[in-house]
Amino acid sequence: MKDQIVELLERALDALEGVEDRAALPAPEIERTRDAAHGDYASNIAMQLARPLRQSPRDIAAAIVAALPENALIERTDIAGPGFINFFLSDASTTAVVGRVLDAGERYGHAEAPTGRKVLVEFVSANPTGPLHVGHGRHAAYGASLANLLRAAGDDVTAEYYVNDAGRQMEILAASVLVRALQVDNGALPLPSAGYRGDYIRDIATDWRKDNADTLPDPGDLFDGLPEDGPDAGDAYIDAMIARAETLMGGAFLVLKQFSTTAILDDIRDDLGGMGVTFDRFYSEASLATEGRIDDALNVLRDNGVVDDRDGTLWFRATDFGDEKDRVVVRDNGKKTYFASDIAYHLDKRRRGFDLLLDVLGADHHGYVARIRAGLEAMGEPPESLEVRLVQFVSLFRGGEKVAMGTRSGNFVSLRELRDEVGNDAARLFYIMRSNDQHLDFDLELATSTSNENPVYYIQYAHARIAGVFKQLAGQGLTWDPAAGRGALGTLDNEHAAALMTRLDRFPETVRNAAERRAPNVIVNYLRDLATDLHRFYNEYKFLVDDTDSRNARLTLAAATGQVLRNGLAILGVSAPEHM
RNA sequence: GCGCCCGUAGCUCAGUCGGAUAGAGUAGUGGAUUCCUAAUCCAUUGGUCGCAGGUUCGAAUCCUGCCGGGCGCACCA
Numbered sequence: 001m002k003d004q005i006v007e008l009l010e011r012a013l014d015a016l017e018g019v020e021d022r023a024a025l026p027a028p029e030i031e032r033t034r035d036a037a038h039g040d041y042a043s044n045i046a047m048q049l050a051r052p053l054r055q056s057p058r059d060i061a062a063a064i065v066a067a068l069p070e071n072a073l074i075e076r077t078d079i080a081g082p083g084f085i086n087f088f089l090s091d092a093s094t095t096a097v098v099g100r101v102l103d104a105g106e107r108y109g110h111a112e113a114p115t116g117r118k119v120l121v122e123f124v125s126a127n128p129t130g131p132l133h134v135g136h137g138r139h140a141a142y143g144a145s146l147a148n149l150l151r152a153a154g155d156d157v158t159a160e161y162y163v164n165d166a167g168r169q170m171e172i173l174a175a176s177v178l179v180r181a182l183q184v185d186n187g188a189l190p191l192p193s194a195g196y197r198g199d200y201i202r203d204i205a206t207d208w209r210k211d212n213a214d215t216l217p218d219p220g221d222l223f224d225g226l227p228e229d230g231p232d233a234g235d236a237y238i239d240a241m242i243a244r245a246e247t248l249m250g251g252a253f254l255v256l257k258q259f260s261t262t263a264i265l266d267d268i269r270d271d272l273g274g275m276g277v278t279f280d281r282f283y284s285e286a287s288l289a290t291e292g293r294i295d296d297a298l299n300v301l302r303d304n305g306v307v308d309d310r311d312g313t314l315w316f317r318a319t320d321f322g323d324e325k326d327r328v329v330v331r332d333n334g335k336k337t338y339f340a341s342d343i344a345y346h347l348d349k350r351r352r353g354f355d356l357l358l359d360v361l362g363a364d365h366h367g368y369v370a371r372i373r374a375g376l377e378a379m380g381e382p383p384e385s386l387e388v389r390l391v392q393f394v395s396l397f398r399g400g401e402k403v404a405m406g407t408r409s410g411n412f413v414s415l416r417e418l419r420d421e422v423g424n425d426a427a428r429l430f431y432i433m434r435s436n437d438q439h440l441d442f443d444l445e446l447a448t449s450t451s452n453e454n455p456v457y458y459i460q461y462a463h464a465r466i467a468g469v470f471k472q473l474a475g476q477g478l479t480w481d482p483a484a485g486r487g488a489l490g491t492l493d494n495e496h497a498a499a500l501m502t503r504l505d506r507f508p509e510t511v512r513n514a515a516e517r518r519a520p521n522v523i524v525n526y527l528r529d530l531a532t533d534l535h536r537f538y539n540e541y542k543f544l545v546d547d548t549d550s551r552n553a554r555l556t557l558a559a560a561t562g563q564v565l566r567n568g569l570a571i572l573g574v575s576a577p578e579h580m
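Under the working numbering, the first residue of the first sequence is numbered 1, with each subsequent residue one higher.
Since the hints were made in silico from the structure, they are not lab data.
Among these hints, one or two may not hold up.
In silico DMTMM-like cross-links for lysine to aspartate or glutamate, where the CA-CA straight-line distance does not exceed 25 Å [stated by the list, open to error]:
no., residue 1, residue 2
1, 336, 239
2, 336, 309
3, 118, 296
4, 325, 387
5, 210, 267
6, 2, 35
7, 118, 348
8, 402, 348
9, 2, 171
10, 335, 235
11, 336, 326
12, 336, 324
13, 471, 549
14, 325, 364
15, 542, 91
16, 471, 387
17, 2, 420
18, 335, 171
19, 325, 296
20, 542, 495
21, 2, 70
22, 402, 420
23, 335, 295
24, 542, 529
25, 336, 303
26, 335, 387
27, 335, 355
Restraint-style ranges between C-beta atoms, simulated for each label pair [to be verified]:
no., residue 1, residue 2, range
28, 528, 478, 46 to 54 Å
29, 274, 398, 19 to 27 Å
30, 468, 513, 26 to 34 Å
31, 3, 335, 27 to 35 Å
32, 471, 262, 43 to 51 Å
Glycine residues also receive a C-beta, built at the ideal position from the N, C-alpha and C atoms.
Construct the entire structure; sequences and hints are all you get.
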């Protein structure tokens, strides 16, 4: 449609008098109008030509309109304002969208051909040391919707969760579980101040004890002679305890560690799955080391001559690649840093053939971007293959009251609690309603309220209303002939129907735009507008009327609207209920 | 100090590849239901688009500076 109108404009410009060098002039473009009074599409070409042609914009517009070839798509044109050329589509081109929607079905709005681009979307990637909290929920909802959006736009998308299952935190987790397990017999034993203290630790300890009680160390052997513990003890106490546990338990400590990690990961997976968020792969950080990928990456850096040994410490010269300081990759004690794992992981993503590495990270991680990109570039990968989307923080409200969060306050709100309270649909939609780079105020009360200000119900209600109409069709002894309905769309001669059809027509470009901007919230806004258009029509006109042409046409429009509502909600991971 | 994000109606936010009188919900006021779900719709009040310059026929949108808020600047993971 757009292309065809531009084509008409091109031909009109060719025919324009007094134009010496067409190529030097700006090419005509058209855009959607905001106001129906301005037609369906508008071009600003006359204003852009005013200066080079030294004529008034309105005169140029008049000349262009006069030179415009006849076309069945266009009902009429108009010159308005400072020199806009407005195009009013003919009824036939307006109503054609309904057929396109129904023919494409659930594919409507999706790219017609694959882009051939392989995209890896990595998101959540929360440390497996405890249950997900409300902040992770936003990452989950955003990442999952973003993956859906890119798939709709034709990309070949893989969703991945990077599991930080290496390093001291997993040992601290195991030590925490161990102490809880010992506390079953001796409640007075102290939990390390650096340990994890949530109730879930106790649950894991109970489960682990069932089959592993015989591997429990003697508490005296474990605790006696450890350094002083306290809030300011630093790592000395916990590290000593871990070392002690490893000595006393041998391989059983490793079993405990794996048991704990698996228990938490299972819980996370279950939590996410309950919200409709699934991953193609959970990628283990520990596997990077065991499979030699970190050494591979370090070797690439060495081969490329971008690392220096400075007094036994291996430094990556990140400043050569735009980072603000150089980064340690191997410490003087021989241990590789987290950063080394990270670039090895990203190199692996590239080697698995992904064109675009799309990382969804917390806003507090923006410092990483430059160094990882530097790492990729230093390893010979295009720096622009890494794209990072930062997700800002979530504040919880209940009514007007801010809900305190954080493990220390004891007011910890888990994702599971939030889902239990507001339901998955509200959770998914509220999480992505705002742009990801905007702080989010999540109001629990609003999310469950059944009112106009709650977009979840507003949108779902529109779908349920349509479903309700079709349900009652037979009961009223009426029929719907979809083919006849398509033919009769011209009888829908009113502004509400026209607005609805124009909105349906915009869905594909909305999906494209949202995917390009990595902004699922654009889809939310669209669906809210579409729901408004439907509710307006619904209020003004009955669908189940006696007149056959009107009934067929209106029901056909309703069917198309329901389809687009479903398609949009599917991208967002929100259900489209038949009744409410 | 440096870097990233944000500043639009009383409140929560859309709108930013520059476009025609700046939009929605909410809050306030007044209406619509013998009729497919009123979880709906209609009308109306409300804004120096943080401030100051600049570019442009045209700036909430682009550029520069400033002010205000959030976050980050590890040989931690």
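Each hint tested on the structure:
no. : hint                   : verdict
1   : 336 to 239             : holds (18 Å)
2   : 336 to 309             : holds (13 Å)
3   : 118 to 296             : holds (23 Å)
4   : 325 to 387             : holds (21 Å)
5   : 210 to 267             : holds (19 Å)
6   : 2 to 35                : holds (17 Å)
7   : 118 to 348             : holds (14 Å)
8   : 402 to 348             : violated (42 Å)
9   : 2 to 171               : violated (60 Å)
10  : 335 to 235             : holds (17 Å)
11  : 336 to 326             : holds (15 Å)
12  : 336 to 324             : holds (21 Å)
13  : 471 to 549             : holds (19 Å)
14  : 325 to 364             : holds (18 Å)
15  : 542 to 91              : holds (21 Å)
16  : 471 to 387             : violated (46 Å)
17  : 2 to 420               : violated (46 Å)
18  : 335 to 171             : holds (16 Å)
19  : 325 to 296             : holds (23 Å)
20  : 542 to 495             : holds (15 Å)
21  : 2 to 70                : holds (16 Å)
22  : 402 to 420             : holds (19 Å)
23  : 335 to 295             : holds (12 Å)
24  : 542 to 529             : holds (20 Å)
25  : 336 to 303             : holds (18 Å)
26  : 335 to 387             : violated (28 Å)
27  : 335 to 355             : violated (31 Å)
28  : 528 to 478: 46 to 54 Å : violated (31 Å)
29  : 274 to 398: 19 to 27 Å : holds (22 Å)
30  : 468 to 513: 26 to 34 Å : holds (32 Å)
31  : 3 to 335: 27 to 35 Å   : violated (58 Å)
32  : 471 to 262: 43 to 51 Å : holds (46 Å)
Of the hints listed earlier, those the structure fails to meet are numbers 8, 9, 16, 17, 26, 27, 28, 31, in rising order.
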